[in-house]
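*Asks:* Here are the chains, one letter per residue:
Protein chains: 2
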Amino acid sequence: MAEAAAPISSLRRALSLVRIIANGDPAGLRLKDIAEAAGCTQPTAHRALQDLMAEGFVEQEAGGKRYRLSLDFFVLAAKAGQANGLRDLARPVLLRLAASLHDTIFLLVRHGYDAVCLDRVEGPFPIRSFTGDIGGRVPLGLGQGSLAILAHLPEAEQEEVIRFNVPRLIDRGFIDEAGLRAAIAEARRLGWVNLNTGLIPGMAGLGVPVFDARGYPVAALSIGTLAERLGPERLPSVVHMLQTEAAKLGAEINPFDPSLRYPSRSLSKAEP
Amino acid sequence: MAEAAAPISSLRRALSLVRIIANGDPAGLRLKDIAEAAGCTQPTAHRALQDLMAEGFVEQEAGGKRYRLSLDFFVLAAKAGQANGLRDLARPVLLRLAASLHDTIFLLVRHGYDAVCLDRVEGPFPIRSFTGDIGGRVPLGLGQGSLAILAHLPEAEQEEVIRFNVPRLIDRGFIDEAGLRAAIAEARRLGWVNLNTGLIPGMAGLGVPVFDARGYPVAALSIGTLAERLGPERLPSVVHMLQTEAAKLGAEINPFDPSLRYPSRSLSKAEP
DNA sequence: CTGAAAATTTCATATGCCGGAATTTTGTCA
DNA sequence: TGACAAAATTCCGGCATATGAAATTTTCAG
Numbered sequence: 015m016a017e018a019a020a021p022i023s024s025l026r027r028a029l030s031l032v033r034i035i036a037n038g039d040p041a042g043l044r045l046k047d048i049a050e051a052a053g054c055t056q057p058t059a060h061r062a063l064q065d066l067m068a069e070g071f072v073e074q075e076a077g078g079k080r081y082r083l084s085l086d087f088f089v090l091a092a093k094a095g096q097a098n099g100l101r102d103l104a105r106p107v108l109l110r111l112a113a114s115l116h117d118t119i120f121l122l123v124r125h126g127y128d129a130v131c132l133d134r135v136e137g138p139f140p141i142r143s144f145t146g147d148i149g150g151r152v153p154l155g156l157g158q159g160s161l162a163i164l165a166h167l168p169e170a171e172q173e174e175v176i177r178f179n180v181p182r183l184i185d186r187g188f189i190d191e192a193g194l195r196a197a198i199a200e201a202r203r204l205g206w207v208n209l210n211t212g213l214i215p216g217m218a219g220l221g222v223p224v225f226d227a228r229g230y231p232v233a234a235l236s237i238g239t240l241a242e243r244l245g246p247e248r249l250p251s252v253v254h255m256l257q258t259e260a261a262k263l264g265a266e267i268n269p270f271d272p273s274l275r276y277p278s279r280s281l282s283k284a285e286p
Numbered sequence: 015m016a017e018a019a020a021p022i023s024s025l026r027r028a029l030s031l032v033r034i035i036a037n038g039d040p041a042g043l044r045l046k047d048i049a050e051a052a053g054c055t056q057p058t059a060h061r062a063l064q065d066l067m068a069e070g071f072v073e074q075e076a077g078g079k080r081y082r083l084s085l086d087f088f089v090l091a092a093k094a095g096q097a098n099g100l101r102d103l104a105r106p107v108l109l110r111l112a113a114s115l116h117d118t119i120f121l122l123v124r125h126g127y128d129a130v131c132l133d134r135v136e137g138p139f140p141i142r143s144f145t146g147d148i149g150g151r152v153p154l155g156l157g158q159g160s161l162a163i164l165a166h167l168p169e170a171e172q173e174e175v176i177r178f179n180v181p182r183l184i185d186r187g188f189i190d191e192a193g194l195r196a197a198i199a200e201a202r203r204l205g206w207v208n209l210n211t212g213l214i215p216g217m218a219g220l221g222v223p224v225f226d227a228r229g230y231p232v233a234a235l236s237i238g239t240l241a242e243r244l245g246p247e248r249l250p251s252v253v254h255m256l257q258t259e260a261a262k263l264g265a266e267i268n269p270f271d272p273s274l275r276y277p278s279r280s281l282s283k284a285e286p
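In the order they appear, the protein sequences are chains F and R. FYI, the numbering for the first sequence is 15 to 286, going by the numbering used here. FYI, the numbering for the second sequence is 15 to 286, going by the numbering used here.
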């Protein structure tokens, strides 16, 4: 299968070690396996890992030999979720919504071909979602908030994402291209997304896009709840509430910070 | 003043760039400032940053020149909070507690001289806490959960932490050594921590330690709420609930995984 | 529009990285 | 518990590659 056979600098190799560890067994990986996965010798991997440990990116369980990501890394990364300050801006919004609606609220941001869950406040009902936890990632188009973003992207960009994501979505067994396009059209027509379409039985959700000052859908607010809690009588008010908060949030996004619009590099690797 | 004047490998320097960026202005840092802070020339910093970008650890706002941590980094790190799988184990616990108590619940783990907020589920009341958000860090001893951990550490270790942390706590203007020792004694006597002591006016909280199979306080559960919600009639039942859940959680921690006990390296840098 | 500061590229040099082989440590199976 | 195999770590010579001065281009401020 396509093996990442990139002959690269020592730095890049070391960073790839971090990825390998992150994606490996949460209990930690052995040097041998890391070296093998990275395509380098054990001494090389070993020395890189020493440095990674010295800088606090990686740690070993006390006494043990297995390498895992360090808690320092976790702390460090909390500061990476601040793209545009959006997370802090959105926090009161999420809290308000959760308090009013008594359901779980998600904040998603677009990141390349994916939507990333930046934050989440849960209601009293147990919810299963695609995005899952904070830091979770789903292909654009899968899930309400994610679809809300995709549906409101500029035409050309939307096409690019669709082309890239359809195989990924099919792989996950959820939707084909026709279905996706239909869902996008519907989302665009309504201005929001309502998927009761039993992707997860008994669950339902709503997503609305968050536009920045340029009308670009940088993020989405979504709600996840039990299907029975989104019946015809409650649904309109929930939509209204989400849209109101999304509009307020969008207005607060610094219009002079052009970031978040076009992620700078080739982004998330596909998982086809 | 104390300048990190460590002549180190290229890898370590590059990793230090990540730290510099993480601790800098969230809007991003310029190459010149990064190079200066890292103590290397601009070309060197530049090429390291190119690699960091290529690996998705760092990104530039579209078109701009400033470097910031990438969202990929955020995604990656979500997997770093899994020390011991504690986060997943604790999630249902947090949800249960939040649902029953209608208050904000924190999960803290010990990390060197600090406690790190691994997860948090909020109740309907707006709360100010020391730890703040997920990924937040406080010196052991500051805050209810954090103090609960410190109070139940083995004597020698506790002394070491106290010696290290007292200056940091004083710097924050919160407590002196005598006060800390009194609080520790009280916490140990009760088995839990109750700080209504107006550190934050109107706020109150409770913390209970979570012990692993060896009786080592690896973590803490805590509740943060309005002072008026922890009156004498409600307090005992809240304590009981937290303790019950803490005990259950402790029992689930894999007793054969010795990690989390002694963080492997020198840990969090002081901020004196 | 202009000039200064920052970013990026070039290039010769030597530094410090690389992997094979040797040595020590660890984990496993009797 | 002992012994063996596998993994981890250290050593070391050769050379790839990171480095910083200088030159060039781009950006930004006034």
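Hints listed in this document are in silico derivations from the structure and should not be mistaken for laboratory results. Among the hints, erroneous ones may be present.
Any copy will do: because identical chains look the same in the list, a pair fits if it lies in one copy or spans two.
[Claimed, not checked] Each computed SDA-like pair below joins lysine to any residue, with the alpha-carbon atoms no more than 25 Å apart:
1. 93 with 34
2. 46 with 178
3. 46 with 257
4. 93 with 65
5. 46 with 24
6. 46 with 190
7. 46 with 266
8. 93 with 114
9. 262 with 184
10. 79 with 229
11. 93 with 68
12. 46 with 203
13. 79 with 64
14. 262 with 249
15. 46 with 217
16. 93 with 174
17. 79 with 99
18. 93 with 51
*Asks:* Taking the hints in turn, state whether each one holds.
*Replies:* Status of each hint after checking the structure:
When the C-alpha separation of residue 93 and residue 34 is checked against a cutoff of 25 Å, the pair qualifies both within a copy, at 22 Å, and between copies, at 11 Å. When the C-alpha separation of residue 46 and residue 178 is checked against a cutoff of 25 Å, the pair qualifies neither within a copy, at 34 Å, nor between copies, at 37 Å. Taking the shortest alpha-carbon separations for residue 46 and residue 257, neither the intra-copy value of 52 Å nor the inter-copy value of 42 Å comes in at or below 25 Å. In this assembly of identical chains, residue 93 and residue 65 lie within 25 Å of each other by CA distance both inside one copy and across copies; the values are 22 Å within and 20 Å between.
In this assembly of identical chains, the alpha carbons of residue 46 and residue 24 lie at most 25 Å apart whether taken from the same copy (18 Å) or from different copies (23 Å). Within a single copy, residue 46 and residue 190 get their C-alpha atoms no closer than 41 Å, and across copies no closer than 48 Å, so neither meets the 25 Å cut-off. When the C-alpha separation of residue 46 and residue 266 is checked against a cutoff of 25 Å, the pair qualifies neither within a copy, at 49 Å, nor between copies, at 30 Å. Proximity of residue 93 and residue 114 under a CA criterion of 25 Å is satisfied in neither setting, with 28 Å inside one chain copy and 31 Å between copies.
Taking CA atoms no more than 25 Å apart as the test, residue 262 paired with residue 184 passes in neither setting, with 35 Å inside one copy and 40 Å between copies. Proximity of residue 79 and residue 229 under a CA criterion of 25 Å is satisfied inter-copy only: 24 Å between copies versus 51 Å inside one chain copy. Both within a single protomer and between protomers do residue 93 and residue 68 lie at most 25 Å apart by alpha-carbon distance, with minima of 20 Å and 20 Å respectively. When the C-alpha separation of residue 46 and residue 203 is checked against a cutoff of 25 Å, the pair qualifies neither within a copy, at 54 Å, nor between copies, at 48 Å.
In this assembly of identical chains, the alpha carbons of residue 79 and residue 64 lie at most 25 Å apart only when taken from the same copy (12 Å versus 32 Å across copies). In this homomeric assembly, residue 262 and residue 249 come within 25 Å of each other (Cα to Cα) only inside a single copy, at 20 Å, whereas the closest approach across copies is 38 Å. In this assembly of identical chains, the alpha carbons of residue 46 and residue 217 never lie at most 25 Å apart, being 43 Å within a copy and 51 Å across copies at closest. Taking CA atoms no more than 25 Å apart as the test, residue 93 paired with residue 174 passes in neither setting, with 30 Å inside one copy and 29 Å between copies.
In this assembly of identical chains, residue 79 and residue 99 lie within 25 Å of each other by CA distance solely across copies; the values are 18 Å between and 38 Å within a copy. Within a single copy, residue 93 and residue 51 get their C-alpha atoms only as close as 29 Å, which misses the 25 Å cut-off; across copies the closest is 18 Å, which meets it.
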